[in-house]
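Asker: Here the protein sequences line up with chains W and L, keeping their order. Going left to right, the first sequence walks through residues 0 to 512 as numbering that gives the first Met the number 0 numbers them. Going left to right, the second sequence walks through residues 0 to 512 as numbering that gives the first Met the number 0 numbers them.
Do not take every clue at face value.
Copies of the same chain look alike in the list, so a pair counts if it works inside one copy or between any two.
[To be verified] Straight-line C-alpha distance at most 16 Å; calculated EDC-like pairs for lysine to aspartate or glutamate:
| id | residue 1 | residue 2 |
| --- | --- | --- |
| 1 | Lys333 | Glu115 |
| 2 | Lys282 | Asp253 |
| 3 | Lys457 | Glu427 |
| 4 | Lys282 | Asp164 |
| 5 | Lys282 | Glu115 |
| 6 | Lys440 | Asp402 |
| 7 | Lys428 | Asp469 |
| 8 | Lys258 | Glu210 |
| 9 | Lys503 | Asp184 |
FYI, nobody ran anything at the bench for these hints, they're computed from the structure.
Number of protein chains: 2
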Amino acid sequence: MNGAESLVKTLLACGVDTCFANPGTSEMHFVAALDRIPGMRCVLGLFEGVVTGAADGYARMAGKPAATLLHCGPGLANGLANLHNARRAQTPVVNIIGDQATYHRPFDAPLTADTEGWARPVSVWTRTATHAASVGADAAVAVQAARAEPGGVASLILPSDVCWDDGGKVAAPLPALAVPKVSPDAVQNAARILRSGQPTLIVLAGSALREGALADAHRIAATTDARLITPMSNARVTRGRGRLAVDRIPYSGDAARQKLAGIRNVILVGAPPPVTFFAYPGKSPRPYPEDANIHVLARAEEDLGEALARLADELGARSAALPQSAPRSAAPAKGAITSEAVAQSLTALLPEQAVVVEESVSFGRAFYPGTVHAAPHDWLQLTGGAIGAGLPLATGAAIAAPDRRVVALQADGSGMYTLQSLWTMAREKLDVTIVLLANRKYAILLGELAGVGANPGKTAMDMLDLGNPDLDWVKMANGMGVEAARADTMDAFNDLFQMANQRKGPFLIELVI
Amino acid sequence: MNGAESLVKTLLACGVDTCFANPGTSEMHFVAALDRIPGMRCVLGLFEGVVTGAADGYARMAGKPAATLLHCGPGLANGLANLHNARRAQTPVVNIIGDQATYHRPFDAPLTADTEGWARPVSVWTRTATHAASVGADAAVAVQAARAEPGGVASLILPSDVCWDDGGKVAAPLPALAVPKVSPDAVQNAARILRSGQPTLIVLAGSALREGALADAHRIAATTDARLITPMSNARVTRGRGRLAVDRIPYSGDAARQKLAGIRNVILVGAPPPVTFFAYPGKSPRPYPEDANIHVLARAEEDLGEALARLADELGARSAALPQSAPRSAAPAKGAITSEAVAQSLTALLPEQAVVVEESVSFGRAFYPGTVHAAPHDWLQLTGGAIGAGLPLATGAAIAAPDRRVVALQADGSGMYTLQSLWTMAREKLDVTIVLLANRKYAILLGELAGVGANPGKTAMDMLDLGNPDLDWVKMANGMGVEAARADTMDAFNDLFQMANQRKGPFLIELVI
Chain W
0 MNGAESLVKT LLACGVDTCF ANPGTSEMHF VAALDRIPGM RCVLGLFEGV
50 VTGAADGYAR MAGKPAATLL HCGPGLANGL ANLHNARRAQ TPVVNIIGDQ
100 ATYHRPFDAP LTADTEGWAR PVSVWTRTAT HAASVGADAA VAVQAARAEP
150 GGVASLILPS DVCWDDGGKV AAPLPALAVP KVSPDAVQNA ARILRSGQPT
200 LIVLAGSALR EGALADAHRI AATTDARLIT PMSNARVTRG RGRLAVDRIP
250 YSGDAARQKL AGIRNVILVG APPPVTFFAY PGKSPRPYPE DANIHVLARA
300 EEDLGEALAR LADELGARSA ALPQSAPRSA APAKGAITSE AVAQSLTALL
350 PEQAVVVEES VSFGRAFYPG TVHAAPHDWL QLTGGAIGAG LPLATGAAIA
400 APDRRVVALQ ADGSGMYTLQ SLWTMAREKL DVTIVLLANR KYAILLGELA
450 GVGANPGKTA MDMLDLGNPD LDWVKMANGM GVEAARADTM DAFNDLFQMA
500 NQRKGPFLIE LVI
Chain L
0 MNGAESLVKT LLACGVDTCF ANPGTSEMHF VAALDRIPGM RCVLGLFEGV
50 VTGAADGYAR MAGKPAATLL HCGPGLANGL ANLHNARRAQ TPVVNIIGDQ
100 ATYHRPFDAP LTADTEGWAR PVSVWTRTAT HAASVGADAA VAVQAARAEP
150 GGVASLILPS DVCWDDGGKV AAPLPALAVP KVSPDAVQNA ARILRSGQPT
200 LIVLAGSALR EGALADAHRI AATTDARLIT PMSNARVTRG RGRLAVDRIP
250 YSGDAARQKL AGIRNVILVG APPPVTFFAY PGKSPRPYPE DANIHVLARA
300 EEDLGEALAR LADELGARSA ALPQSAPRSA APAKGAITSE AVAQSLTALL
350 PEQAVVVEES VSFGRAFYPG TVHAAPHDWL QLTGGAIGAG LPLATGAAIA
400 APDRRVVALQ ADGSGMYTLQ SLWTMAREKL DVTIVLLANR KYAILLGELA
450 GVGANPGKTA MDMLDLGNPD LDWVKMANGM GVEAARADTM DAFNDLFQMA
500 NQRKGPFLIE LVI
């Protein structure tokens, strides 16, 4: 057995059975091993940003890592932005990064690059395999590292001779690393704060945004008048009709400061202390009052559900009914195409158990608050601010959840980063409805430029306007094998959205906004 | 004057007047400064790989650096693969990489990443600006570093507060760094080797591939029977009818070893010692005989033209006429679409002083040798093996050389990496003819897989085949505003190629091969 075969068999033994791939020459022995050994589903992406973003979307829905297959340093580099997003989402991913043979690397052939150096900043674990006999064991550690709570990117760099050399040994799966116990002191401290009656904010993130944990958080809030909130961007939120609707910290620092005014205590449940996305002259980086105290109930690597349950019990909180509120409208919206109208139509028409992938940037401001009464669904977001995550996330989520409709709410500027995803959706016949929001500009940046006090002149518009020429998403999607149509009215959108969700395979709606 | 304004004015003072950009929020003060201060041509790319590859292509033709404008660590990461290629091409590039405000970075906001760590492996110079008062001086050093022979990537990281703070100071251009003198010992050593009569190879790279240096190399070879050769991939070669045709070291290690068999001495002129692109089991990484001696006439940072002129004089070499050979055929090819047929048609139809950008991978094997009798032209290649360089290089070359036709010979698999380039070509109305070679597979990898001794099964084909669905490049190009047509015969290709070269603006020919 060569190293490549031992690697494939170890990954399969560790439960990794899906590989998002864009291979190159140095990985041919690994490709041959994948071909010989049954059990790994290999999904090709025509650009590495598709591959890494799809691995992120897959694991968010599957709850276990996929492998990626990337080619040398530059292939990894093409996937780094979405690995950055995966890192911020705390998603388990196992990168397999092919590279020059161990003895070839010193010759500095053209493709040689600092593969380890590029991988390390996005990875919780990075290792270059050195021998066929140990690459199986390396892979088992990689899977263990990726799965350690809360999840992270593990990067195994795979020199070609490690693949082709004989002497590979299949490694057994390693046990899950122990989850740190919830601290009784932290629970009692949080209970004390909550009993004090001071205005208190509980920031929920990560696995605290799943159904059971949210129910416990609701118990706590109902008993204590604490306010629940989540970060602006989250890997996955379980929400919709019959589920707790939790507000988010606004993206705008001014809006966030306004929302959090008067807060005296912030209790963190798997979340970092809130910070604005960017700095602005003369404004605080912190959206909460300067004199507020920060408390940690549980860090991301702890069992957040258990922490919330214990806190609820400590407070003697009884289970609380959700606020009953009927959908604001059961009918899809008519009239002008606005963010609120699209949210209303989504509320009316979103399929049960849809997986919503949102990278809607500026136009989507009403989507999240406006869809709390939509059919039960999961909501996946861009977590690290590196645009170009949406279409890859949708691709991976659809592979992981083949019985659920994926709805991608995608801005045009960010969609262009990784539009190659459409081809993979067509090839794999994934049930994805893409709502492509075509405003034909970097609208968020025009807003930021206005904030700088500048009226955009020709040079600025040369950099912020996506018209001239207009992108035609219907043609681009068709060119990659995805059927598509344009909607210029809400009526047309409503019809296309219903039709798209009922068919097999992907469909793109270019919504001209 | 704020820091951003001092930066723009310093760049302009240093002769950097073109900026390939994909800006983000943290760069808005820089964008506003570009807007207020006339003189910088800003060209938007819809993905950072377009931006960095265009900066590479621009500088290869302009002989001076462009700036890039990239957004934070992930924006840089998206551009790294083409910066890797620029590094291998020794192209001067000045990266301006926006980032979090200096005081915001410790808060680890979502977009915060290891910007410096990612930049350093591709850069000859990396610095994070710290104050508005010094960012002008930083920029002057960056331009000096990028232009130091043979040229390299300089990365200036620009925290947002450095932009918006007052107190910016425009810096004067710095003098070019001194070029190391050609070593008389190295010249005499090379002359001694060449006089010995032993089979000797002279490897020419970098600026040794321009017209004057090539003439001197030809004098040397004609006097001494030395063989001239270039690396497989070069940043820019001046060639075509009436110019010296120099052979390349083949990509295949076996073919290279065969070509270099019997060589006793290798004299390097700006080139590294030859090495195969990848390692293969049991094969030497060096394509030249093990007992050959390596000599350095001049390193890349020296004046290669002067070194060759001195060596020619030392040898008393008289100017030598080029081998006279008529074009093999003045007529474009008919019949089957083959690599040789396309080369013949290019020979017949290539416009005078065209800039050929080649990323034709497997199908293009006959293009370079088959076009030595085409009209005089420059030939630009993928230098670092990170695919996705071709369309961006063509974009930048067309900006730098607006009076010349750019002809991009582009494989489909690599073209998909940075297809967003087409939109920039349309927007800027660039005179680019794209010959898109649609074989609908990663043909080079199928060859490599066969070399591994494997017949591809379903899993391997899932990763190596680009059909299912076929990419429709005409639709994709149209979707980005580029006119396009498909050619299924050489006749159709010949007609479209002539028509495309005579029109203004870009045109894509999908050549189904």
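Asker: Take the hints in turn and mark each one as holding or not.
Answerer: Tested hints:
When the C-alpha separation of Lys333 and Glu115 is checked against a cutoff of 16 Å, the pair qualifies neither within a copy, at 53 Å, nor between copies, at 50 Å. Taking CA atoms no more than 16 Å apart as the test, Lys282 paired with Asp253 passes inside one copy only; the shortest distance there is 9 Å, against 63 Å between copies. In this assembly of identical chains, Lys457 and Glu427 lie within 16 Å of each other by CA distance solely across copies; the values are 14 Å between and 43 Å within a copy. When the C-alpha separation of Lys282 and Asp164 is checked against a cutoff of 16 Å, the pair qualifies only between copies, where the shortest distance is 14 Å, while the shortest distance within a copy is 58 Å.
For a Cα distance limit of 16 Å, the shortest separation of Lys282 from Glu115 qualifies neither inside one copy, at 37 Å, nor across copies, at 26 Å. In the homo-oligomer, the alpha carbons of Lys440 and Asp402 never lie at most 16 Å apart, since the shortest distance is 35 Å inside one protomer and 30 Å across protomers. When the C-alpha separation of Lys428 and Asp469 is checked against a cutoff of 16 Å, the pair qualifies only between copies, where the shortest distance is 14 Å, while the shortest distance within a copy is 28 Å. Taking the shortest alpha-carbon separations for Lys258 and Glu210, neither the intra-copy value of 25 Å nor the inter-copy value of 67 Å comes in at or below 16 Å.
Taking the closest pair of Cα atoms, Lys503 and Asp184 never come within 16 Å of each other, the shortest separation being 52 Å inside a single copy and 73 Å across copies.
Of the numbered hints listed earlier, those contradicted by the structure are 1, 5, 6, 8 and 9.
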